[in-house]
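**Q** These are the residues of each chain, in order.
Number of protein chains: 4
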Amino acid sequence: MTPRQQNRPNPARRSEASRQAILTAAFDLVGEVGYARLSIEGIAARAGVGKQTIYRWWPSKGAVLFDALLALAAQGSDDAAGAAGAADAALPDTGDLEQDLKTVLRATVEELTDPRLDGMMRALSVEIITDPALAALYAERLDGPMRELKLARLRSAQQAGQLPQDADLDLAVDMLWGVLRTTWLERSRPLTAEYADLLVRTALNGLRGPAHP
Amino acid sequence: MTPRQQNRPNPARRSEASRQAILTAAFDLVGEVGYARLSIEGIAARAGVGKQTIYRWWPSKGAVLFDALLALAAQGSDDAAGAAGAADAALPDTGDLEQDLKTVLRATVEELTDPRLDGMMRALSVEIITDPALAALYAERLDGPMRELKLARLRSAQQAGQLPQDADLDLAVDMLWGVLRTTWLERSRPLTAEYADLLVRTALNGLRGPAHP
Amino acid sequence: MTPRQQNRPNPARRSEASRQAILTAAFDLVGEVGYARLSIEGIAARAGVGKQTIYRWWPSKGAVLFDALLALAAQGSDDAAGAAGAADAALPDTGDLEQDLKTVLRATVEELTDPRLDGMMRALSVEIITDPALAALYAERLDGPMRELKLARLRSAQQAGQLPQDADLDLAVDMLWGVLRTTWLERSRPLTAEYADLLVRTALNGLRGPAHP
Amino acid sequence: MTPRQQNRPNPARRSEASRQAILTAAFDLVGEVGYARLSIEGIAARAGVGKQTIYRWWPSKGAVLFDALLALAAQGSDDAAGAAGAADAALPDTGDLEQDLKTVLRATVEELTDPRLDGMMRALSVEIITDPALAALYAERLDGPMRELKLARLRSAQQAGQLPQDADLDLAVDMLWGVLRTTWLERSRPLTAEYADLLVRTALNGLRGPAHP
DNA sequence: CGATAACCGAGACGGTACGTCAAGTCTTGCA
DNA sequence: TGCAAGACTTGACGTACCGTCTCGGTTATCG
Numbered sequence: 001m002t003p004r005q006q007n008r009p010n011p012a013r014r015s016e017a018s019r020q021a022i023l024t025a026a027f028d029l030v031g032e033v034g035y036a037r038l039s040i041e042g043i044a045a046r047a048g049v050g051k052q053t054i055y056r057w058w059p060s061k062g063a064v065l066f067d068a069l070l071a072l073a074a075q076g077s078d079d080a081a082g083a084a085g086a087a088d089a090a091l092p093d094t095g096d097l098e099q100d101l102k103t104v105l106r107a108t109v110e111e112l113t114d115p116r117l118d119g120m121m122r123a124l125s126v127e128i129i130t131d132p133a134l135a136a137l138y139a140e141r142l143d144g145p146m147r148e149l150k151l152a153r154l155r156s157a158q159q160a161g162q163l164p165q166d167a168d169l170d171l172a173v174d175m176l177w178g179v180l181r182t183t184w185l186e187r188s189r190p191l192t193a194e195y196a197d198l199l200v201r202t203a204l205n206g207l208r209g210p211a212h213p
Numbered sequence: 001m002t003p004r005q006q007n008r009p010n011p012a013r014r015s016e017a018s019r020q021a022i023l024t025a026a027f028d029l030v031g032e033v034g035y036a037r038l039s040i041e042g043i044a045a046r047a048g049v050g051k052q053t054i055y056r057w058w059p060s061k062g063a064v065l066f067d068a069l070l071a072l073a074a075q076g077s078d079d080a081a082g083a084a085g086a087a088d089a090a091l092p093d094t095g096d097l098e099q100d101l102k103t104v105l106r107a108t109v110e111e112l113t114d115p116r117l118d119g120m121m122r123a124l125s126v127e128i129i130t131d132p133a134l135a136a137l138y139a140e141r142l143d144g145p146m147r148e149l150k151l152a153r154l155r156s157a158q159q160a161g162q163l164p165q166d167a168d169l170d171l172a173v174d175m176l177w178g179v180l181r182t183t184w185l186e187r188s189r190p191l192t193a194e195y196a197d198l199l200v201r202t203a204l205n206g207l208r209g210p211a212h213p
Numbered sequence: 001m002t003p004r005q006q007n008r009p010n011p012a013r014r015s016e017a018s019r020q021a022i023l024t025a026a027f028d029l030v031g032e033v034g035y036a037r038l039s040i041e042g043i044a045a046r047a048g049v050g051k052q053t054i055y056r057w058w059p060s061k062g063a064v065l066f067d068a069l070l071a072l073a074a075q076g077s078d079d080a081a082g083a084a085g086a087a088d089a090a091l092p093d094t095g096d097l098e099q100d101l102k103t104v105l106r107a108t109v110e111e112l113t114d115p116r117l118d119g120m121m122r123a124l125s126v127e128i129i130t131d132p133a134l135a136a137l138y139a140e141r142l143d144g145p146m147r148e149l150k151l152a153r154l155r156s157a158q159q160a161g162q163l164p165q166d167a168d169l170d171l172a173v174d175m176l177w178g179v180l181r182t183t184w185l186e187r188s189r190p191l192t193a194e195y196a197d198l199l200v201r202t203a204l205n206g207l208r209g210p211a212h213p
Numbered sequence: 001m002t003p004r005q006q007n008r009p010n011p012a013r014r015s016e017a018s019r020q021a022i023l024t025a026a027f028d029l030v031g032e033v034g035y036a037r038l039s040i041e042g043i044a045a046r047a048g049v050g051k052q053t054i055y056r057w058w059p060s061k062g063a064v065l066f067d068a069l070l071a072l073a074a075q076g077s078d079d080a081a082g083a084a085g086a087a088d089a090a091l092p093d094t095g096d097l098e099q100d101l102k103t104v105l106r107a108t109v110e111e112l113t114d115p116r117l118d119g120m121m122r123a124l125s126v127e128i129i130t131d132p133a134l135a136a137l138y139a140e141r142l143d144g145p146m147r148e149l150k151l152a153r154l155r156s157a158q159q160a161g162q163l164p165q166d167a168d169l170d171l172a173v174d175m176l177w178g179v180l181r182t183t184w185l186e187r188s189r190p191l192t193a194e195y196a197d198l199l200v201r202t203a204l205n206g207l208r209g210p211a212h213p
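Protein chains in written order, with UniProt numbering: chain A, 1 to 213; chain B, 1 to 213; chain C, 1 to 213; chain D, 1 to 213.
These are computed hints drawn from the structure, not numbers from a lab.
Nothing here was measured: the structure is a model prediction, and the numbers come from that model.
Mixed in with the good hints, there may be bad ones.
The list makes no distinction among identical chains, and a pair is therefore deemed to hold if it is satisfied within one copy or across any two copies.
Listed next, the in silico SDA-like pairs over lysine to any residue satisfying Cα-Cα at most 25 Å (straight line) [stated by the list, open to error]:
1. Lys102 - Asp28
2. Lys51 - Leu163
3. Lys150 - Ala12
4. Lys51 - Thr94
5. Lys102 - Gly31
6. Lys51 - Arg122
7. Lys102 - Ala135
8. Lys51 - Leu149
9. Lys150 - Trp58
10. Lys102 - Glu186
11. Lys102 - Ser60
12. Lys102 - Arg14
13. Lys102 - Glu41
14. Lys102 - Leu134
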């Protein structure tokens, strides 16, 4: 028997309408007022919901944001390359690794430039930085699946001989998307398609192995 | 004539003791209770200072944290490699770029593992993500000088023929320290000396190799 | 035709077990946590009953308390002199009015000193003060019958020539029990048998007519 | 040295305007919406004051009501016979005890008939019934002084030979005003001037007559 | 005698108010 | 005037209950 958590509300009786309203309100509000002025009371009011309905189902503001993003991902599962792409999606694989990566990173740049997604992602980032539990959840549910897609594309390239057999693919992912993420978070330089291209070129060089051993 | 700010208190009459007490209290508290529970009132109380004394000299909690880190950097200016190293410091230059970078990144890993610095840096990161003005200040006063040191070391290697003339050194810095930063912020994997080494090796490959093969 | 209330539950199908459990829980809880912390949710939980079962049969918290006291009275109908004595009981009538009244008021003092009854009566008093409808119900169902018993005893004394024919017996009841009640409610002095005795002596004097016309 | 309470706010810096606004708002609101719907938030909002300002200076809603009534008493100190009469006031003393008492009790009836004072007094009564600490405060600060005035008048009558030397004057006060209070609280009969007169006549009989015949 | 309507337990829901914490502003009195 | 102290308004926190409203699951008549 699967162990049951006790004292928890019964998910079977959960109001789907309220859940949707809350996630939508959270997403809308974070885009309108930003993270600093985002409040649970505000979300509840906007969603036309009692505060307790939020506290009943989510442990923290961050968890709500997280679910809002998850819902967004599930909804927009057609956009294979989307940062919030669904689990069954796949990165493009035309055989040309560099070109494919550029396509994907340009799309990511596009997303992070959209003010609503920018606000949402920043808010979630703050929560993740602050709350290790949420960070773990994020790693498992959002970052994990996404990373798997990326790794799959790189493995495909590896099998095609475009990357060395001993390349650290995990690190490759960090280099490509991690750098992009830091640059965006710290606003250290404008995010452009050119920047994405440069990133891909340089990182791939590093992975292809020593040019001058 | 330098443009004058009006309605501002007179810095000449500022109490240095209070300033020091506030910065110390901020640093201590962020290490003890974390960012989420850090409050201006708490800092003022710990510093034995009126709240107004904080509001008089700093525009936001983030600005206090920022100054606290600046003070820390100034104080520990002997540690050339420290993330908080002073402006006149320099990165080690033994002629062996890879080894030097490993040394520096290992030191950075060390710092980010220290709970007090970890707390402080996370707190500041949150503020920077949220507040573009603070991000700009950070870029100018802390990240900028540090980046200059890093660029200097890379330029030195470039002149020594260890890096191509057309290598994008700014991007190199992003790849090395930016990846480290993301990994730390998201706790996506444990920060170790080995990870630092791997990072250096791979990134240098990317820079050394032909960008346009 | 007797007009029927519509939309009301069918009393025939009412669960007696639940009714008893609710009244018992209400009585126990008011004794344990006091009026201020008494809640319908608490009563329902303690009684192992759904909230709706309370709302279905009682219009307010006060009404529950009222019924709880009524049930108590019906249950303890042997104690003729009890404040919660049953309808068919009678006050003692030995022929000695003063002595009989002292007996009854001492018993009342005894009851109001019992912590559980004290809590219950205070709670009910609060509801009565606040809610005129409940006050009317109380007057009709609890205070009324009790008052009738008291009046009966006084009338008996009147017929025995122990009280003037024109004495206002209603006022006499107020003077005896009303004063006791106020003293108890306001805790303005300790409730003792001696106090009861003094009360009886003095009030009877007032009723026996002018000593110095 | 008088012992000082610690951790308490400094009364010297208290805002008199806020204090007045709160007491006025409490009095007005209790008259408008009644005790059941009276809330601290409501009082704060009506007074244009932060909730914390109420919690800073009063321990409970009852304490606010108490002070509101005290303020009312101090303000209306001219009305010597008022239930809220000031400490230096005195009951009328024309030499005719019965007439004087009728005058005073009629005035009390008048007050308790005023909807605003009725609401206020009911609210305070509920709090007093519930909270022994407030009951003690009430006894000391409001009921005590008032009772002293009443006792003074009765003592004067005693010296004039209108009451026996061994009459229990405290009980006399209970009989006169206590009965009135219970009748009012329980709404057991309409409060009229006639009722007040009857009460005075009967109670005085009890006191004048021989306690031990 | 099986359907079908009701009560019942449980508890999710939109709300109101609670009492607390902290934000940022303002005032007072000391140095 | 800078400062410590702290009272002020504001607003959000997370909790407790309110009274209403489903949900399945027993009963317990009635067709």
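**Q** Now tell me if each hint is right for this structure.
**A** Status of the hints after comparison with the structure:
Taking the closest pair of Cα atoms, Lys102 and Asp28 never come within 25 Å of each other, the shortest separation being 30 Å inside a single copy and 44 Å across copies. In the homo-oligomer, the alpha carbons of Lys51 and Leu163 never lie at most 25 Å apart, since the shortest distance is 52 Å inside one protomer and 58 Å across protomers. Taking the shortest alpha-carbon separations for Lys150 and Ala12, neither the intra-copy value of 35 Å nor the inter-copy value of 56 Å comes in at or below 25 Å. In this assembly of identical chains, Lys51 and Thr94 lie within 25 Å of each other by CA distance neither inside one copy nor across copies; the values are 49 Å within and 61 Å between.
When the C-alpha separation of Lys102 and Gly31 is checked against a cutoff of 25 Å, the pair qualifies neither within a copy, at 27 Å, nor between copies, at 41 Å. Taking the shortest alpha-carbon separations for Lys51 and Arg122, only the intra-copy value of 23 Å comes in at or below 25 Å, while the best inter-copy value is 29 Å. In the homo-oligomer, the alpha carbons of Lys102 and Ala135 never lie at most 25 Å apart, since the shortest distance is 27 Å inside one protomer and 28 Å across protomers. In this assembly of identical chains, Lys51 and Leu149 lie within 25 Å of each other by CA distance neither inside one copy nor across copies; the values are 37 Å within and 50 Å between.
In this homomeric assembly, Lys150 and Trp58 never come within 25 Å of each other (Cα to Cα): the closest approach is 30 Å inside a single copy and 43 Å across copies. Taking identical chains as interchangeable, the C-alpha atoms of Lys102 and Glu186 lie at most 25 Å apart whether they share a chain (22 Å) or sit on different chains (24 Å). Taking the closest pair of Cα atoms, Lys102 and Ser60 never come within 25 Å of each other, the shortest separation being 36 Å inside a single copy and 39 Å across copies. Within a single copy, Lys102 and Arg14 get their C-alpha atoms no closer than 42 Å, and across copies no closer than 53 Å, so neither meets the 25 Å cut-off.
In this assembly of identical chains, Lys102 and Glu41 lie within 25 Å of each other by CA distance neither inside one copy nor across copies; the values are 41 Å within and 48 Å between. In the homo-oligomer, the alpha carbons of Lys102 and Leu134 never lie at most 25 Å apart, since the shortest distance is 30 Å inside one protomer and 31 Å across protomers.
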